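K.L.:
The lines below spell out each chain.
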Amino acid sequence: MQMFDYQGSAEYAVKYMNGVVKGIENLINVRADQIKSGELEKTPVLTIGKMTLYRYTPLVEESALQETPMLITYAMVNKQYMMDLQPDRSVIKAFLEKGIDTYIIDWGYPAKEDMYITLEDVIEWYMDDCVEYIRKASGKEQITLLGVCQGGTFSAIYTAIHQDKIKNFVSMVTPIDFSIEDGLLFKWSRYYSIDKMVDAYGNVPADLMNTTFVLLKPFELLIDKYVGFGAGMSDPEYLQNFLRTENWIFDSPDQTGELLREFVNDLYVDNKLMKGELVIGGKEVKLENITCPLLVICAKYDHLVPPSSTKPLLEAVSSTDKDFHMFDVGHVGIYISPNSKNEIAPIIGDWIVERS
Amino acid sequence: MDFFNRDMYEQGLKFQKSMMDQYLQAVKNTTDFFQRKPEGEEEVSSAYGIFTKATEDMMKNAGEVNEFLWKSYQESWDQWKKLFESGNGFTLPEGFQGMPFESFSSTMEHFLGSMSVYTKLFQLWQDMIRSWPDLMNDPAAAAAKYADQSGALIRELAENILKPVMTEDVFSLWESFSDLNNTVGGFFQDFAAPWISRQDDFLSCIQSAASGDGDSYSRYMDLLSEAYQESYGKLLNMHGVGMAKDQAAMNFHLLDSYVRMMMSYFQMTVNVQKQLQEANQNLWKDLQEKMTDSDKPLTFKDYYDMWIRANSSAINQFYFTDEFATFLGGYADNAYDFKKNWDEFLEKLLSAFPVPTDSEMKSVYKTVYDLRKEVRSLKKEIEALREELDALK
Numbered sequence: 001m002q003m004f005d006y007q008g009s010a011e012y013a014v015k016y017m018n019g020v021v022k023g024i025e026n027l028i029n030v031r032a033d034q035i036k037s038g039e040l041e042k043t044p045v046l047t048i049g050k051m052t053l054y055r056y057t058p059l060v061e062e063s064a065l066q067e068t069p070m071l072i073t074y075a076m077v078n079k080q081y082m083m084d085l086q087p088d089r090s091v092i093k094a095f096l097e098k099g100i101d102t103y104i105i106d107w108g109y110p111a112k113e114d115m116y117i118t119l120e121d122v123i124e125w126y127m128d129d130c131v132e133y134i135r136k137a138s139g140k141e142q143i144t145l146l147g148v149c150q151g152g153t154f155s156a157i158y159t160a161i162h163q164d165k166i167k168n169f170v171s172m173v174t175p176i177d178f179s180i181e182d183g184l185l186f187k188w189s190r191y192y193s194i195d196k197m198v199d200a201y202g203n204v205p206a207d208l209m210n211t212t213f214v215l216l217k218p219f220e221l222l223i224d225k226y227v228g229f230g231a232g233m234s235d236p237e238y239l240q241n242f243l244r245t246e247n248w249i250f251d252s253p254d255q256t257g258e259l260l261r262e263f264v265n266d267l268y269v270d271n272k273l274m275k276g277e278l279v280i281g282g283k284e285v286k287l288e289n290i291t292c293p294l295l296v297i298c299a300k301y302d303h304l305v306p307p308s309s310t311k312p313l314l315e316a317v318s319s320t321d322k323d324f325h326m327f328d329v330g331h332v333g334i335y336i337s338p339n340s341k342n343e344i345a346p347i348i349g350d351w352i353v354e355r356s
Numbered sequence: 001m002d003f004f005n006r007d008m009y010e011q012g013l014k015f016q017k018s019m020m021d022q023y024l025q026a027v028k029n030t031t032d033f034f035q036r037k038p039e040g041e042e043e044v045s046s047a048y049g050i051f052t053k054a055t056e057d058m059m060k061n062a063g064e065v066n067e068f069l070w071k072s073y074q075e076s077w078d079q080w081k082k083l084f085e086s087g088n089g090f091t092l093p094e095g096f097q098g099m100p101f102e103s104f105s106s107t108m109e110h111f112l113g114s115m116s117v118y119t120k121l122f123q124l125w126q127d128m129i130r131s132w133p134d135l136m137n138d139p140a141a142a143a144a145k146y147a148d149q150s151g152a153l154i155r156e157l158a159e160n161i162l163k164p165v166m167t168e169d170v171f172s173l174w175e176s177f178s179d180l181n182n183t184v185g186g187f188f189q190d191f192a193a194p195w196i197s198r199q200d201d202f203l204s205c206i207q208s209a210a211s212g213d214g215d216s217y218s219r220y221m222d223l224l225s226e227a228y229q230e231s232y233g234k235l236l237n238m239h240g241v242g243m244a245k246d247q248a249a250m251n252f253h254l255l256d257s258y259v260r261m262m263m264s265y266f267q268m269t270v271n272v273q274k275q276l277q278e279a280n281q282n283l284w285k286d287l288q289e290k291m292t293d294s295d296k297p298l299t300f301k302d303y304y305d306m307w308i309r310a311n312s313s314a315i316n317q318f319y320f321t322d323e324f325a326t327f328l329g330g331y332a333d334n335a336y337d338f339k340k341n342w343d344e345f346l347e348k349l350l351s352a353f354p355v356p357t358d359s360e361m362k363s364v365y366k367t368v369y370d371l372r373k374e375v376r377s378l379k380k381e382i383e384a385l386r387e388e389l390d391a392l393k
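Protein chains in written order, with the working numbering: chain A, 1 to 356; chain B, 1 to 393.
These are calculated hints, taken from the structure and not from any lab test.
What you are looking at is a predicted structure, and each value in this text was computed from that prediction instead of being measured.
All clues given are correct.
Below, computed lysine-lysine pairings styled on PhoX-like, alpha-carbon distance capped at 25 Å:
1) K373/B with K136/A
2) K245/B with K348/B
3) K112/A with K339/B
4) K300/A with K322/A
5) K339/B with K196/A
6) K112/A with K348/B
7) K348/B with K366/B
8) K234/B with K196/A
9) K120/B with K145/B
10) K379/B with K165/A
11) K283/A with K380/B
12) K348/B with K196/A
13) K15/A with K301/B
14) K187/A with K217/A
15) K217/A with K301/B
16) K362/B with K50/A
17) K140/A with K380/B
18) K379/B with K136/A
19) K272/A with K187/A
20) K165/A with K275/A
21) K136/A with K393/B
22) K380/B with K165/A
23) K362/B with K112/A
24) K140/A with K379/B
25) K50/A with K373/B
Please model the complete structure; the sequences and the hints are all you need to start from.
P.N.:
Laid out in structure tokens, this is it:
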């Protein structure tokens, strides 16, 4: 019997190359407006340094808005518009359709003059000013806080300090327990000196961060991803979605040096948040001070923030109203997978609406 | 100063001519001596025996029977002295007469004694070459032993050859240079020891690598790193002195950090390479089994999928080990050190130009940051006061 299918392989290669050539034709005809992201209308309402607080224009009548406004705090390593990356998968759109008055923080692109911003500044200055603004603008004493990834950690810290201002807390793929062994970023952070990195760079360049993320899965992210792209690029819709995601992935701000130093040393290395040893602006950060309703969302195949780091928040808080959902996606898939708008966003939206 | 003293060359030529004349005269006299063949002497049977006997007799009777021979040595010595005297101002001080010896014969004894030093040196090298395989068990100790023995022979040679033509002060100076030479030799010996002591291990790694041992690459890098840190690493991090010591130290640190960065990079990559090599060897076996066992022939797509899975799984497993995390951490730290040193080097270079450096800008950024915080704090105070004021109205 023939052991290698030469004919089948050759046919596959021809088909693949045919797709690539068609894909290149598609690629050169893609217009910039076809791959734009973050298209939902929003208004800047507060600016602090490079940070801007936006309010999304509601998709329902003002009178039909939910009682409690919501602030979304995203991570600093990528841009917040991934929650509104493409029209058919926009998580934000799903929230707006449910009448949630949604605000989002855009951390901007920190420049060198921002290199001395600390964790305390982020929590007690930038975030607190945003929360205060929303409270004042909406006339509500409390808001819903939705934190994503690193933004979720900021939100957990903020809620632990300012529980009185937060009505509901949603944590999405948020690292809480940093002592885990099944996350490479968590493991590696204990073997190199973040102090040396920050001393060398000031603000840590986005390219360096991206290189690290890509090297976490070099065969998948440097080879297989683009082999798959070649196979799918003849489909214009696939091509546009791929380009949109690609643009977002490499649209990364530099990381403010002092903040990153504290974040890695205090959390990744010393796990102070989980141990209850973190101090921000002279205030002890105790997760057990969180008493509001809590929703924890995690991604089963998340290699950046594994569920083992996310789930311990459920046990660490004092909340009695707690909910947990794990989806069969990766870290980014939770926002941009086909299920994100139709399955994931409605679960979150409904949970918030029930508690607004 | 006239280095090319014509008189010196003339004396030199005279000296050579005199030597040649005396040699020819000695040959003639030797022939004459044999032609006179004293009565009662035994007949000699070979040309070698004739020559040996003649020489021995010549030496024995030099001063008594054959005055010409003695005279020829004396004349040579005189010419030689003239040669040295004519070279004053460039090789020797004015009026140099050499160190006093009891007699000319004692000087000649020293000269002739030196001949044996060459023989001993030859024997030393011969011994070294014969013992080579054993010496390699402890190359550093062997090098030290032979360096000591060679040094002793060179000192003996100097005693015999240099002492007669040097003043006591000059010879003492020469001896101190000899000590310096020993010190320098010792320094280089210590410096080279980390490399020499690992010589066998280096060789063994290369041999193992050639026979397909994947571990040998990382062992080689470990050895290289250890030897570097015990030799050049220490040299490049030594304390400097003088006005430019900080600049020199900065340059050395930059070089050292670059070498460390590259070595840790290679240490990491050879280990990754090893994992991938093993993964692909296993993949090849799996592929052969699959091709033999499967009912359906494999396509290139099947192979590609297996290749991606095998490599990805291998790298992922290795990434999670403490070993890899240590390599990565070492490389990262060394790379940051190099970046920091490189920036400092550039800043120092640019300090002569009218451009602000990064450090200066960082100072400005810090001031701006502090001012922004202060403004915010003052704004909050004003806001609170305004609220209090409004409440009073």
